[in-house]
Amino acid sequence: MKYRIGKSTGFQVLTITLAFACVVPLIFILIYILQAGITKINWHFITNLPKPVGEVGGGIANALLGSMIIIGCASVIAIPFGILCGIYLSENKTSKLAYWSRLCVDILQGVPSIVIGIVAYFWLVKPLGGFSALSGSAALAIMMLPIIIRSTEETLLMLPDSLREAAYALGMPFHRVILKVIIPCGISGILSGVMLSVARIAGETAPLLFTAFGNPYLSGNIFKPMQSLPLLIFNYATSPYNDWHDLAWGASCILLIFVLLLNIFTKLITRKWKVQL
Amino acid sequence: MESTIVKSIDYNAYFGDNHVVKNVNIEIPRNSVVAVMGPSGCGKTTFLRGINRMHELIPGATAKGKIMLNGEDVMEMHPIFVRLKIGMVFQRPNPFPNLSIYDNVIAGYKLNGIKLPKAEKDKIVELSLSRVALWNEVKDSLTKKGSFLSGGQQQRLCIARAVAMEPEVLLFDEPTSALDPISTSTVEELFHELKKNYTLIIVTHNMQQAARVSDKTAFFYVGELVEFDDTKQMFTNPTDIRTQNYITGRFS
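In order, the protein sequence lines correspond to chains C and U.
Under the working numbering, the first sequence has 74 at position 74, and the numbering climbs by one with no breaks.
Here the working numbering runs 1000 ahead of the position in the second sequence, where the first position is 1.
In isolation and in its complexed conformation, chain C is listed as follows (with noise of 0.2 Å):
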């Protein structure tokens, strides 16, 4: 009897230290980045372009502009896409059609990003003439989309089926169910899988190696090169310079603390819009 409860306490404690020990490396990543970089970071940091090197200051004004430009855009072409086709494949479980589709989200789920990227300049950078944001937010949607899609799917097949049967019993078209019963009882769901998604692609760096492909100056001309943090980051942290350290640090610092409040935010719309089935 001893000896059983002895292995059942040693298990316990087993899975405290491994459970405890996930989270260690992430503690100390975040301490570490916050470090180094939060001292860079101030108004001038935020409002400045890069400096060439040897001049003190600089900021990153042009990478943190061309960020939220080329993840919008991307968000503009999945969020339609992935949400649409989420929705059909959680109305149509056994059609040939979701059982192919359901497959091809799967396996793009696994896809390499460089391999996408590679892609994307082949598709869209050389049949354009040049590299251009867009064609890195196209890049980024194909990434974002089987994270939406899933999670969309999910979320919806886990309405009871007895709400589509109200909803139908009233005489509703199906337009209007998916719309006005379906969307907005799941819409907690979609709408952390979308943040996810974006958080996700908000610091991807090889689609945009070969498609955005970085600039120094400010730029909000979505048919032409654009910067972006993780860009600035891998371009600023393999150089020799100091002050170039400087500034990745503190745009991984940026990047971070942004992932860091999307995934909070999540969680607080999660909690507020669940709809209580």
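Treat each hint with caution, since some may be false.
As the list claims (entries may be wrong) - Taking lysine to any residue and the SDA-like style, the derived pairs with C-alpha atoms no more than 25 Å apart in a straight line are:
1) C:K93 to U:G1060
2) U:K1144 to C:Q276
3) C:K93 to U:A1061
4) C:K180 to U:S1141
5) C:K267 to C:S188
6) U:K1110 to C:L179
7) U:K1110 to C:Q276
8) C:K126 to C:T205
9) U:K1195 to U:S1185
10) U:K1007 to U:D1240
11) C:K180 to U:L1142
Source of the hints: derived by calculation from the structure; they are not laboratory data.
Please read all numbers here as calculations on a predicted model, not as lab measurements.
Assemble chain U onto chain C, guided by the hints.
Here is chain U on its own, set in the frame of chain C:
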């Protein structure tokens, strides 16, 4: 006005190859309560869902034959119009969880995009909730969510939602099987009130309930309509041996 409101002619329903409802011919009189009873899996719910064309929403489900509503075949009508004229209440209460009690009652208008002036909406909500004896209980909490109510109240809210559309027929699919005895008796009392304005068809596997609430009773067995007669006649002197066996509890 004709006394028959719903009439099925050689109605057959299938799930894939499975023949669930076989050649049902039945005439349902206006402003009556008709109970449909039978053992589990006898096709009574499928037949009920066929009347307002909910049956065909299930993948692989098909139906043949005619169901006449006031002399018009619902199989030829668009399902959306059929369901506006024939309301339905389900086994488990299913109010819309994202809507308030008020909006749940007028959901049929609101969600279908039918615009009504505020005064008229108020009138519909009060009338419908009064008809299901819920008005006094919820009149002070109309803005609360539907899921805030108890199970029995939710079920009456669902009946109010169906009543608000002013349908001609109301279908009930085992409406009390998820409710406690007190809520059950409240809902049963409603049936007597509701039949003044509507025709009610109630599927139940509870024989006592059928005997208590209905004017006429239909007995289904393995997809066939075995017997359809006045409830009193059915329970005292059934013609068919299968009905007799079922009522006396020799099989269930």
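Structure-based check of all given hints:
1. C:K93 to U:G1060: The given pair, whose Cα atoms are some 13 Å apart, holds under the 25 Å limit.
2. U:K1144 to C:Q276: 12 Å, holds
3. C:K93 to U:A1061: The given pair, whose Cα atoms are some 15 Å apart, holds under the 25 Å limit.
4. C:K180 to U:S1141: 23 Å, holds
5. C:K267 to C:S188: Roughly 9 Å separates the two Cα atoms, so the pair holds.
6. U:K1110 to C:L179: 12 Å, holds
7. U:K1110 to C:Q276: Holds, at about 21 Å.
8. C:K126 to C:T205: 19 Å, holds
9. U:K1195 to U:S1185: 16 Å, holds
10. U:K1007 to U:D1240: 22 Å, holds
11. C:K180 to U:L1142: Status holds; Cα separation ~20 Å.
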